[in-house]
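Chemist: Protein chains in written order, with the working numbering: chain G, 3 to 583; chain S, 1284 to 1360.
The set of hints was computed from the structure by calculation and includes no laboratory data. Fair warning: there could be bad hints in the mix.
Calculated lysine-lysine pairs in the DSS-like style (CA-CA distance at most 30 angstroms, straight line) [unchecked claim]:
#1 G:Lys-205 x S:Lys-1292
#2 S:Lys-1348 x G:Lys-205
#3 S:Lys-1325 x S:Lys-1348
#4 S:Lys-1348 x G:Lys-225
#5 S:Lys-1348 x G:Lys-315
Chain by chain, the residues run as shown.
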Amino acid sequence: MLELNAVQNNTALDQDSGSQTDEVKELMNKQQLTGAQIVMQVLQQQGVDSIFGYPGGAIMPIYDALYDSDIKHYLCRHEQGVAFAAVGYARAGRKTAVCMATSGPGATNLITGLADAYADSIPLVAITGQVPTTAMGTDSFQEVDIISLAMAATKHCFQVTCVDDLQSVLEQAFAIAGSGRQGPVLVDIPKDIQLASTLLTAKTELAITPIPQFSQATMAIAKTLISEASKPVLYVGGGVGMAGAVEELRAFAQTTGMPSVSTLKGLGAVDPECDCFLGMLGMHGLKAANLAVQECDLLVAVGARFDDRVTGKLAEFAPHAKVIHLDIDVAEINKRRCADAALIGDLKTMLPELMTDLKIVAWRKHCTSMKLDYAYDYNYPGEDIYAPAVLKALSDVTPKTAILTTDVGQHQMWATQHMVFSRPENFLSSGAIGTMGFGLPAAIGAQISRPDALVITVTGDGSIMMNIQELATLKRYQIPVKIVLIDNSRLGMVRQWQELFFSERYSEIDLSDNPDFVALAAAFEIKSQRITKKSEVEAALTEMMSHQGPYLLQISIDEYHNVWPLVPPDTANHEMIEASS
Amino acid sequence: MNHSTLIIKANNQPTVMERLMQVTRYRGFSINKLNMQKLSDKDLEIIMSVDSRNPIENLSRQLLKLVDVVDISISNS
């Protein structure tokens, strides 16, 4: 520990004595540490054992302190990869992750990852180096006003201008990131503060904002609404997983018997085996899910926020439904859809209280019938590989404990439609801001967070090129992530929209000059193969899954395959289109 | 258009005014009048009159989530 190193430099402390007296502890607590050493000390106190980062000039003192630390640092090959690896680590492990970068471009390269974490409520602490306080505000080399830039992409940001504040600020950063509606916090530390010395103190007692307590009167109203409903639907969002309320949600769904639908980030919260789980709703939602919501007379929204990709045309979303809205964040209430009963608080506490027996046999039967009637048909003529079928096949051979990450685009929507997710922490996808380039670094972070889990990333040929440099991270640490690359040599989702809504004017979507991905993988010493025929799928999946190290499976598909159904923009969810006319 | 005045108690931190302005703009509110006063070394009071088509709660609830915002009261006059 750094604390011990510091003590050893100044005193003859016998580390092997095993028991430290109060006097020795007191002495240790009075040792001068540099700001950089304080950073390492606080990280260890917070239980951090792995961090992601990229060094540079203004953060060199912290990297020097890291050199003596037990904390394992993972060097990604771009700061955006650093941030997404941290997001993957946090989401897969349900814990606060730490990422680091230097000032200027290092810090700005973190921003997309921070924005992603902020929008998806992921707890991160980002530490950035800054030019010395004496140089700040003078346009010095690699100086960027990162506080101003990060403000819209973080839950909070700090700039430390006095070393005596550093320990407390870092402790606050962890407390803020991990409490309430979680999110990223940035701590910007000028280089002279990293080098300055101060005393380490006892851990600061922080005043944590208490979780709001729901109103019992509103709870009674909500229970009445439920008992009066004949066609209720449970609308499950990412907040369930973030609250650790999966078991409570499953008990609620089972006891009430309510048919359920999920947002992208809510996938895995409802037991996928449940016959009344209708799948994802929204723009590329399953038909049964969208129709059930449009028909329902009560919508119980749990940790969800009526996002535009979920609701379609808002004025026509669930037009007959009263709404019960459960969330930890009061700012989500009435933001897009007014609630008839709003319960603010901890989902783990509220869901059991809301549990009510329901007699909705006919409605359940109707919903399960729709689920069967509108189930996908995976029969596809010809020898070409059909992406929905290959992802269904991948899902069938993937253990329940595996983690799947995706990038953004058609492959992402196909994954949500055709794969099964057993827990929210097993499905990591950039939901709110839809960031291409998320999948590979997030998978790296997820694998480091849960080394025993099988980690697969489903990506596209557009997305993977956004953070392709992270193949070097796979190689360096021999991280056994399996990459399933759905390759249509196009920016497929943009191409689909241009086909449907822009008169087939295909503007800047041709990626047919992509590199040879098998050769590229080989350059990083990653085993790979490319398949082009349906008959090759089974053997290829078997080979990939049985390979011990990282693997890239390139699956070539027809460029004209589209994602169906699709709710066109500003259209009600029941008016989805199901194929090209 | 809704007219409202927010009386905001906040910690006297260098970032707090900038963040208040950023959230106000992002949530679709325009500022008609703004007064900031330091009440003590630690405390600020900000009185801000805003216009928007959106309900004022859409802004006040977002502002109240900010770490350095301590309290908000709303006047619709």
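Chemist: State for each hint whether it applies.
Modeler: Hint-by-hint comparison with the structure:
1. For the suggested pair Lys-205 (chain G) and Lys-1292 (chain S), the alpha carbons sit about 28 angstroms apart, so the restraint of at most 30 angstroms is met.
2. Restraint check: the Cα-Cα separation between Lys-1348 (chain S) and Lys-205 (chain G) comes to about 25 angstroms, which is no more than 30 angstroms; the hinted pair holds.
3. With a C-alpha separation of about 19 angstroms, the suggested pair Lys-1325 (chain S) and Lys-1348 (chain S) falls inside the 30 angstroms cut-off, and the hint holds.
4. Proposed proximity of Lys-1348 (chain S) and Lys-225 (chain G) is supported: the alpha carbons are some 28 angstroms apart, at most 30 angstroms.
5. Between the alpha carbons of Lys-1348 (chain S) and Lys-315 (chain G) the distance comes to roughly 28 angstroms, so the proposed pair stays at or under 30 angstroms and holds.
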